[in-house]
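Protein chains: 8
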Amino acid sequence: MTSLELQRLLDAVRDGTVDSADAAGRIAGAMRAAPFEDLGFARVDTHREVRQGFPEVILGLGKTPAQIAAIAARIIAHRRPLLVTRAQPEAFAAVREVAPAATYHAEARAITLACGEVERGSGTIVVACAGTSDLPVAEEAAITAEIMGNTIDRLYDVGVAGIHRILSEQSRIQRARVIIVVAGMEGALPSVVAGLVSVPVIAVPTSIGYGASFGGIAALLGMLNSCANGVAVVNIDNGFGAAAIASLINHQ
Amino acid sequence: MTSLELQRLLDAVRDGTVDSADAAGRIAGAMRAAPFEDLGFARVDTHREVRQGFPEVILGLGKTPAQIAAIAARIIAHRRPLLVTRAQPEAFAAVREVAPAATYHAEARAITLACGEVERGSGTIVVACAGTSDLPVAEEAAITAEIMGNTIDRLYDVGVAGIHRILSEQSRIQRARVIIVVAGMEGALPSVVAGLVSVPVIAVPTSIGYGASFGGIAALLGMLNSCANGVAVVNIDNGFGAAAIASLINHQ
Amino acid sequence: MTSLELQRLLDAVRDGTVDSADAAGRIAGAMRAAPFEDLGFARVDTHREVRQGFPEVILGLGKTPAQIAAIAARIIAHRRPLLVTRAQPEAFAAVREVAPAATYHAEARAITLACGEVERGSGTIVVACAGTSDLPVAEEAAITAEIMGNTIDRLYDVGVAGIHRILSEQSRIQRARVIIVVAGMEGALPSVVAGLVSVPVIAVPTSIGYGASFGGIAALLGMLNSCANGVAVVNIDNGFGAAAIASLINHQ
Amino acid sequence: MTSLELQRLLDAVRDGTVDSADAAGRIAGAMRAAPFEDLGFARVDTHREVRQGFPEVILGLGKTPAQIAAIAARIIAHRRPLLVTRAQPEAFAAVREVAPAATYHAEARAITLACGEVERGSGTIVVACAGTSDLPVAEEAAITAEIMGNTIDRLYDVGVAGIHRILSEQSRIQRARVIIVVAGMEGALPSVVAGLVSVPVIAVPTSIGYGASFGGIAALLGMLNSCANGVAVVNIDNGFGAAAIASLINHQ
Amino acid sequence: MTSLELQRLLDAVRDGTVDSADAAGRIAGAMRAAPFEDLGFARVDTHREVRQGFPEVILGLGKTPAQIAAIAARIIAHRRPLLVTRAQPEAFAAVREVAPAATYHAEARAITLACGEVERGSGTIVVACAGTSDLPVAEEAAITAEIMGNTIDRLYDVGVAGIHRILSEQSRIQRARVIIVVAGMEGALPSVVAGLVSVPVIAVPTSIGYGASFGGIAALLGMLNSCANGVAVVNIDNGFGAAAIASLINHQ
Amino acid sequence: MTSLELQRLLDAVRDGTVDSADAAGRIAGAMRAAPFEDLGFARVDTHREVRQGFPEVILGLGKTPAQIAAIAARIIAHRRPLLVTRAQPEAFAAVREVAPAATYHAEARAITLACGEVERGSGTIVVACAGTSDLPVAEEAAITAEIMGNTIDRLYDVGVAGIHRILSEQSRIQRARVIIVVAGMEGALPSVVAGLVSVPVIAVPTSIGYGASFGGIAALLGMLNSCANGVAVVNIDNGFGAAAIASLINHQ
Amino acid sequence: MTSLELQRLLDAVRDGTVDSADAAGRIAGAMRAAPFEDLGFARVDTHREVRQGFPEVILGLGKTPAQIAAIAARIIAHRRPLLVTRAQPEAFAAVREVAPAATYHAEARAITLACGEVERGSGTIVVACAGTSDLPVAEEAAITAEIMGNTIDRLYDVGVAGIHRILSEQSRIQRARVIIVVAGMEGALPSVVAGLVSVPVIAVPTSIGYGASFGGIAALLGMLNSCANGVAVVNIDNGFGAAAIASLINHQ
Amino acid sequence: MTSLELQRLLDAVRDGTVDSADAAGRIAGAMRAAPFEDLGFARVDTHREVRQGFPEVILGLGKTPAQIAAIAARIIAHRRPLLVTRAQPEAFAAVREVAPAATYHAEARAITLACGEVERGSGTIVVACAGTSDLPVAEEAAITAEIMGNTIDRLYDVGVAGIHRILSEQSRIQRARVIIVVAGMEGALPSVVAGLVSVPVIAVPTSIGYGASFGGIAALLGMLNSCANGVAVVNIDNGFGAAAIASLINHQ
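Protein chains in written order, with our numbering: chain A, 609 to 860; chain B, 609 to 860; chain C, 609 to 860; chain D, 609 to 860; chain E, 609 to 860; chain F, 609 to 860; chain G, 609 to 860; chain H, 609 to 860.
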């Protein structure tokens, strides 16, 4: 039982469309369910949506296709939306066995399957990225935020070396409720964007670059040291993590 | 003219308590004002509140007391709330010359002077810290968020080595609209907190520790790699930055 | 002659079932044997069990299958239990030529062959890991500790982001005599576990993660900076090393 | 009520020297006591001894003398042994106000005050160090282990560059139940010691050295990469942490 | 004999105002002079101006006041302009003994004494800095470039978080022949500036910042990874080095 | 319309060969063109040549062959010279579909297609490299500088371990207007070269080396710390970047 | 003409077996030869033996087989001994085309071809290594030192975790004139060896290890911080470099 | 008994000036002496000269003046030459109490007292340094090598930015038997020197520099990656260590 389902059930009780004894039984049943299922190699966190607003998401990295498919099968069995990040095509093949309707987003390296109703966020999340090479991370953020119930506005290839590119889109970024800014190399874009708006900016460094970019360290440090207010940072290439916190903000 | 003042002026026009021609004149006057004042060594960003929701804040680090006092004088002249972070007692002495009513928060190393009306945030910001040694950073966050118009709930010394300390305060953290979690050493507290709530967690690593804490790097990396959803990170010891983004979230 | 064999021989002398002159001859023979055998590219440490409680273990990393098989052959010739860690399937193929009864543990990447009697540890070693991706390292620790004569209790996927998963297993971890905690990403699990028990915790950081996990550095630093008492750390991904010291503790 | 006191109380019940109803009352009283006391800036973990075998220890680093003294006063009020590590002379002056009988160990930078009975460990803990400059850390380990109820054998200035120094003390290190090895510079001593014994070795890197010792990183890395079995590592300069885990091992 | 003096002498020969035999003698005399003077602890490079366009400059860091003064005395004896960088007030006191007319620039921490004629650069060098705290480095660059014969335009506190500050000065930066951009924290200013102009940008990272700025590493990496064309970087805080190469460019 | 074309048009107006009304129409047309074209995944910066002196260059790294070809097609459509750096053979195959006349420089990993007239630089750019393994980076610099309108003099394998190799080429390096010095390993060559000339030296560290070269960090640090004046540094392996700034200098 | 050939020629003149005019002609001819040959991509340093005691050696890393073969052909044409390090089998195939008699040492990854007479070193060089996995580096050192005219004594798998292995070989290491010690992981062997002898020890860290060995950094730092006297260090995996300096020492 | 004394005694026996029985008694006496004296906090290695060619040297860093003086007193009691490195003036004051004839070398921060006869090295050791700021390290090397019985030739301020300074001293460096090269910043001098000679070069990086010199890391990495043959490296600022190995080489 998700928090949205719980709220609707209570609304129904209040409105008299559901009997309170019936409702009490359904709530008690959900509470009796174990908060996780132990698969031996994994404990599927079946209460996560209640605690955190979205069901458990599968990080594909370091898991075998068989492990991913087994966890996915349990999530689907609970009728929750499915999201697998960092998924290789082999993982998708395995997941499709247990979830034929699932979709593979190649650029984002993500598998999704919408299931049940998800509460909609109240505003728009802008996903901006500095260069074409940052697209896989930006798309991971966009796909994640979409399945979590948010409206997305994509704004790609607006790096600071051609400052007119971002300045010409000021109206779009000023309409956002939260902005995810994805950038590699020197990672300067979040500072410029945050200086133009009064909404939170979630900065995602990417491992794009070479030499002294050190796999994203340069961008990460740049963002952590941003001289602009209103910027917080997630791990290198962590488009998912940026979307997760942006979605929480957008659902308040 | 702050955004709050602007909104109130327009409300007054709508309500007929202010003449529209008069209002037009006042808005035009604010727009004619230069967006920054050049002091030679500094350009005071007088339009920042319009763009970013709070006036320019002075980072005391690396500025002389005389420079700090000169910038403070300009902010006060514009009748904006004053906040100086990383302020040494010498800086406070200089600021008091130009702002006798200013307050020095010794633990937070901050100077404040409330001025004009600030829009109130809609919920509570919890500021939690792992250990007693993290207090200066936690207090910088709390003082900053307070002057920006937020209600604060402080929750100190709740590190993960005695997990019952944070678990026994679950009801307080679940009432928050945003949570700032301050921790040094291994920086594990944000992961545990974020796993218990469905609101954004802003994690602040501190330089508390020794040896392989490397001045806060261990805590920073721990937080960036958090396995929990809904965590974003600011710079080491950056209590101010955490409060700035938390306040933006709390004002939506 | 292992220390267990030596002790049994002396017990037999005391009990009169073995003649003291006969025993003296057998002990002298063992002492005359060279303490290592020189294979040119390797010196097999045949006295290690006497000094350290378990025969030499072969680290497969950086050795050719032929070198591994040659060292394994000497260990088997001395009738000692065989353990090869970080073994590729090619190494197993080569070892099987000289030790047809050997077993390959694919997840743990280890080859084992029990041989002779090994002294049993007095308690249980819990092997806990934070996520499914940590299994290879956790299994290396478990397999190693088992062949060294210990009883193992596996507790997998109990990371701190869902703190109820570890809290619900408190009784199992409190029954342990030593606990091995395996975790990647932010490496926070050992701090939480050590805060719940009064037995030594051996923490193993893993290279699981991406971006600012830096191949396990984040987890390593987190564990070294643990705010909990009773934690010591081994090298990144060193499941074997954790089991070796845990076994020594469990044999006291 | 410590675990030792609890065990004695139950023994007395079994032996008939204490009435069972009386005992039940005393146990219930201890359970009713809050598991921590909130001083605002600190939460004193009054149940830690039950969970972890030794009362809360105060890390002096980053706390003011007044904060240290206030926490010390609460520990003494509960009649528990007091240990403050990383204590400056000013902290000792403040503690002496609330605990006149406390002792300051200058080399170890520690404050102690024995109080109540502590369970004795079953064997000897050897504390070895490589050079004279490592003494402060070695002494912190020795003082900590002593107040935790262990017998200590100190073995100082036995670094590997004069290998005969450690070899000539083989009989002493082979009599130990646990060995703490403290070393800076290249940190090679734990590998040599662990190769000579079959007991756990807790390695403590120190920040002693210059240039490429990088404040103890060289020693830390050396110890983490030890080619010997049975070595686990604590943070740089963390004599306290080494003693804490060594004491747990020695109390099994 | 500087290159300017040499060129003027040859012009005079061409114009007949100096006898060619006389000129030959003077040139031969200069060539006979040793290319350096050995003071024991230092070799003053008296031919550097011929090879590199400006006489030897004294880096004050790591030299005693007496050493600085002794080297300064030799430079003055050769009638060359004097520049001491990273000079403490004590060094200035010592230099004033041998060069009473020397000037101390406190903000730039530099000592100068103009002497002889210096060839003028053909355009203007803009020195821009991101924040007030970057002034010492920016002033070192400006003072250095001035004594090397360049016209300077200072543009201070134009960091990217308030992008309108630099955009409003576009006409000044587009008039420059070379631009020195000084910035700490995330070091993003050079990328934005270089995207607006078609002249070389010399980027100087500063050690301004805290936490993950790591003494200027964040800014250094940001600048090395600049996505804009036409940026090259000098060492952290190396205002002098930026001015030296900028002056060479401006003298072509 | 490039700056060269603009200048020629204005010259023609001055000389009367083009009617001023006609010219005004052509300039207005160019200004009406959007400053970039949005391809969705990329915004081609069509005004870059006006702002920065050379059209947008495609960094092949991290882009798919299809993306590279699509951007290349737009640049060619604007009749601008094409340069793709870090181009794999697959990228060249895709580009050849849209630009059959393009050339692939295998050693430099670059694709070029000259198009339209490019303003010539006024002097020679020397490209020197320390060892044979540095050739790919040196060639990237040389090819880039050539297509940007510069005359190149290549000076390869002149590392400092055989100092006579560079000393014997002094006359060539002294004839240069700018010098690009490419070196891996210890990166000492720029210091030696800069000490011999009075022109700017652009230093390019390469990732050539092993062990403690750390992928070019050793060379990068060596160059940033150069004790010679007149050296500025670009990113590791960034031959393109060195050529871009060298070309700006050579065009003044 | 090598230094040995030169010395022999002068001896022959002294002894009257060669005419002085004839000798003068041969010496002059050698001096007339250019000190290097320019192949375009490489300058073969034909005078290196005169300056440095051994002809130019080819580092195979980063060079194509064709480049290696071309340089090898020139060295052979000058009748000098050939040594190619870091040579892949493909490089050997190419070299064999120009030097059919060349040998490939697979473990050492080196190609050699003895040619002409090389002066013999006066003592023995011991090459010791800590583990079997260090053999490739140890063999590179041994093969290099052999072709440079030295007698080698190999002592493999004598790491410090079984200290009796090195102690039992004391007589061999004490007979050496120089000792090369090769070790990965914690790199402690050089300290122990240097403490036992009074000859120079050249320490070679290897990249053997995993996790916190960081590709040899742990061993490198351990060796740089050696507490023993008489140790100097070369680059990670640089068996060649160790042999080169050891050979210079052994030829004095 | 030093090795020199031992050799002289045996020569005297051979020559008949000392009776063989008398000699046997003196040798037996020396062998009976313990190989070290235990002062509790230090074990003075009284046999080090026999094993390593020079008595134990006191590293002053991290020892109290009292500890230094106590160890010094024991060395003097054995009539061995005294050397204390990294000695503060306070340490000298304490040593002078037990050794009134000791000398303090302020620039080198060393205390010496010659005592007994030391075997002379066979050649000259050149100590070269790149800049004036490197003098303290260079002097530590020179003072150390002198008391160990070597003839020193100092060559200071010969850095590579003015390459003629070192080239003009070629004859001096070519006369050396070993060369110690001390350099900070980019650390390029050893490569240039080693390319000019055929004797071993011991490179000493110094912590001189700022910014990206990272306390000597830049110089250290430069030296480890030297492209010249015959270079080995000691720790940053380790003038003593360089002299120790150089002296061993010079005594062969």
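Everything labelled a hint here was simulated from the structure, so no lab data went into it. Check each hint, because a few of them may be wrong.
Stated by the list, open to error - If the Cβ cut is set under 10 Å, some of the chain B residues that face chain E in the computed set are: (1) R616; (2) L617; (3) R651; (4) V652; (5) E664; (6) G670; (7) T672; (8) I679; (9) H772; (10) G823; (11) G824; (12) I844.
Unchecked claim - To list a few chain F residues with every Cβ distance to chain E over 12 Å, as calculated: (13) V626; (14) D653; (15) V665; (16) P673; (17) P697; (18) E698; (19) E715; (20) V812.
Computed from a predicted model, the values in this text were never measured in an experiment. Ideal Cβ positions, reconstructed from N, Cα and C, are used throughout, including at glycine.
- Message: Just to be careful: measuring from the Cβ of G824 (chain B) to every Cβ in chain E, is the smallest value less than 10 Å?
- Response: holds (6 Å)
- Query: Close enough to count: is the Cβ of L617 (chain B) nearer than 10 Å to one in chain E?
  - Reply: violated (24 Å)
- Item | Restraint satisfaction for T672 (chain B) [CB to CB of chain E, less than 10 Å] | This interface hint holds because 9 Å falls under the 10 Å limit.
- Message: Take the shortest C-beta to C-beta distance between G823 (chain B) and chain E; is it under 10 Å?
- Response: holds (8 Å)
- Closest CB-CB distance from E715 (chain F) to chain E, is it above 12 Å? holds (22 Å)
- Message: Given G670 (chain B) as an interface hint, is its Cβ closer than 10 Å to any Cβ of chain E?
- Response: holds (3 Å)
- Item | E664 (chain B) as an interface hint toward chain E, with CB separation required under 10 Å | Holds. Min distance 8 Å.
- Take a quick look at D653 (chain F) and tell me if its Cβ sits farther than 12 Å from every Cβ on chain E, holds or violated. violated (9 Å)
- Go through the hint on R651 (chain B) and say holds or violated, using the shortest Cβ distance to chain E against 10 Å. holds (4 Å)
- Item | Consistency of the no-contact label for P697 (chain F), given chain E and a CB cut of 12 Å | holds (25 Å)
- Task: Go through the hint on H772 (chain B) and say holds or violated, using the shortest Cβ distance to chain E against 10 Å.
- Result: At about 31 Å, which exceeds the 10 Å cut-off, the nearest Cβ of chain E leaves the hint on H772 (chain B) violated.
- Message: I844 (chain B) was flagged as interface toward chain E. Is the shortest Cβ-Cβ separation under 10 Å?
- Response: holds (3 Å)
Of the numbered hints stated above, those contradicted by the structure are hints 1, 2, 9, 14, 15 and 20, listed in ascending order.
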